[in-house]
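So the sequences go chain by chain: A and B. Note that the UniProt record's numbering numbers the first sequence so that position 162 is 162, with each residue one more than the last. Note that the UniProt record's numbering numbers the second sequence so that position 347 is 347, with each residue one more than the last.
With beta-carbon atoms standing in for the labels, derived distance ranges:
1) A:Thr-253 to B:Met-340: 52 to 62 Å
2) A:Ser-332 to B:Leu-324: 56 to 66 Å
3) B:Arg-298 to A:Arg-325: 41 to 51 Å
Facing chain A, according to a computed beta carbon distance under 10 Å, are these residues of chain B, among others:
4) Thr-133
5) Leu-199
6) Ala-248
7) Ala-310
Since the hints were made in silico from the structure, they are not lab data. Note that beta-carbon positions come from the ideal geometry of N, C-alpha and C, so glycine has one too.
Okay, here's what each chain looks like letter by letter:
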Amino acid sequence: MADAKVIPFDEERPRRRSPRRVRVAPPAGEPVVQPVPEPDRETGGTAGAGGPVGRPGDWDRRIAGGLAFLRRRITGEYEVDDFGYDKELTDQVLMSMMRPLFDKYFRVEVKGIENIPKEGGALIVANHSGTLPLDGLMLQVAVHDHHPAERHLRLLAADLVFMLPVVNELARKAGHTLACAEDAQRLLEAGELVGVMPEGFKGIGKPFRERYKLQRFGRGGFVSTALRARTPIVPCSIVGAEEIYPMVGNAKTLARLLGVPYFPVTPTFPWLGPLGMVPLPTKWTIQFGEPISTEGFPAEAAEDPMLMFNLTDQVREQIQHTLYRLLVQRRSVFF
Amino acid sequence: MGKVVLVTGAARQLGGRFVRRIQREPDVERVIAVDSVGPAHRLGSAEFVRTDIRQSAIARVLAEHAVDTVVHLAVTGGSAGSGGARSAVKETNVIGTMQLLGACQKSPTVRRLVVKSSTSVYGGTSRDPAVFTETTQPKSLPAAGFAKDAVEVEGYVRGFARRRPDVAVCVLRFANILGPYADSALAEYFSIPVMPTVLGYDPRLQFVHEDDVVDVLRLAAGEPGRGTLNSGTFNIAGDGVLLLSQCARRLGRPTVPLVMPAVPWVGSALRAVGVTEFSPEQIRLLTHGRVVETTQMRSTLGFEPMYTTAETFADFARSRGSGLLPPERVGRAVDRVAGMLNADLSGVGPAAEGAER
Chain A
1 MADAKVIPFD EERPRRRSPR RVRVAPPAGE PVVQPVPEPD RETGGTAGAG GPVGRPGDWD
61 RRIAGGLAFL RRRITGEYEV DDFGYDKELT DQVLMSMMRP LFDKYFRVEV KGIENIPKEG
121 GALIVANHSG TLPLDGLMLQ VAVHDHHPAE RHLRLLAADL VFMLPVVNEL ARKAGHTLAC
181 AEDAQRLLEA GELVGVMPEG FKGIGKPFRE RYKLQRFGRG GFVSTALRAR TPIVPCSIVG
241 AEEIYPMVGN AKTLARLLGV PYFPVTPTFP WLGPLGMVPL PTKWTIQFGE PISTEGFPAE
301 AAEDPMLMFN LTDQVREQIQ HTLYRLLVQR RSVFF
Chain B
1 MGKVVLVTGA ARQLGGRFVR RIQREPDVER VIAVDSVGPA HRLGSAEFVR TDIRQSAIAR
61 VLAEHAVDTV VHLAVTGGSA GSGGARSAVK ETNVIGTMQL LGACQKSPTV RRLVVKSSTS
121 VYGGTSRDPA VFTETTQPKS LPAAGFAKDA VEVEGYVRGF ARRRPDVAVC VLRFANILGP
181 YADSALAEYF SIPVMPTVLG YDPRLQFVHE DDVVDVLRLA AGEPGRGTLN SGTFNIAGDG
241 VLLLSQCARR LGRPTVPLVM PAVPWVGSAL RAVGVTEFSP EQIRLLTHGR VVETTQMRST
301 LGFEPMYTTA ETFADFARSR GSGLLPPERV GRAVDRVAGM LNADLSGVGP AAEGAER
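Work the whole structure out from these sequences, hints included.
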């Protein structure tokens, strides 16, 4: 943990910077192409300032977009879907709040994004780790920012998320829903991209010494859901999330008292108070693997427990192998 | 051969509207309107029979008029305005339904039974799926209040359907009914100038318009159309979803978020001053919300609601007048700010206004 203070950010910068700028810049429904509307705007108004770059115009547009956004919000004129997913809020606010964490803090490297289909439903199955479910949020940003179609990932979250005030509200608005077969199937059949972390609390709350060892994949319910909805399964391996809060102990009594599945003790956490909640700035890699097609299976396959266990194992093995491969390639935890 | 339709709960707003509507159907010969209190509104040419469905007299009414279609609307939450004696409401809901079903069972003429239920039978907790279908088993059954009544009523109706397989039974589970004449507890809640909400929860709500309720009841009480089936259990709701925060903003009413333990306390305080009933069931709705699937309503029952959830709410909001922060005025305020900023930044007026659209 001693090398935690040395954080060479610079390596990733030059490569990542330029494409990101383009995507963040347009605020509301404005077109992405920057230079085109600039000239006529500038000639209409301040001629002198508009010389070198379209800076003032850009800001005006940002402010106008922001105000339009504000207007829609405070008059309630926006749409949410049946699950409470607020696309506009997610795109404009929640994503931009997570993006610095994704780009600057964890410097997430995304590989194999082409394995996610351009359209239609798909189930992304990922490993789960890190004491707090930051990996899920980063996965959501990864899919949205790196996929050419800017697809939105709909995560399936534990029931604890929906029991907590404020958290449940934000989760619903960000497009997450309860991890149950009904919701997952409904989303998949609607052609959405659904993310699931079948390890659940066993994965996210495992001690640090068991890092990158995949836990049991629930009861394989995700496989039968994908089979029923006839959508491909995309295995996904996330490296880096295990070390953000190295959980060296678990205060079980306290956890039971608070009604949570585990109460983490990290080298910093209860000792430094809120400061201990700052995650370690590890370097992350998110690798999407080859999709596993469910097209070829007959309709009754979802009821076949043997096939389900086999498929579950196949997905689990693939994620585990990719994890090992990525770990071998990794030079250091922090860069 | 004309039909004889008996409608319970005719003294209430919705019952009255349905009675007036069903008379206009060509194949309906007579309409018998039943309630324990006299209606405040006209019932057209319907015969009003003042009887309490908790008494066995209802069997005589059925036999006397040779009723063949029973539309049971006297399953209500009871509004705060009606005195609000909860036990009496519960008795009408449950005992009244039992009496009515008993009478129907003995009647040789009854062919069709339509029962108004509510989507509150699904309960609604954080562990429930986001969208309920007709077959979803609730994670925890409602413990009290109207929702429990509705669950019990549906249980008795299922028993009746088993004993009288020759009677077509249709149970309609309505989402929150709103409209210009709504007198439900939720409508009263939306009329409080400053709405108390549960801190940290933004429930998803679904509404169905009064006009659609009357329409779907008419559809269920008649003969099924081509390729449709109007017996069974159906969710009835408008398309789409509104969050409570959205509702408050569209009404222009500020909200006061309260921490969960304080909500029942504030609720009873509000009840004490006679503002609204704030039942545990309502708190549950305002915490977790409730959304139902309406595929069955479309494909099997063959009903297309005229109003979406948002349109229903807009119609309701128009009838209630604006709140303390009308959305138009708030919107204009933002426009003014935009105008001021434009003046400062000079020259990009069209850009800002273009973006406003």
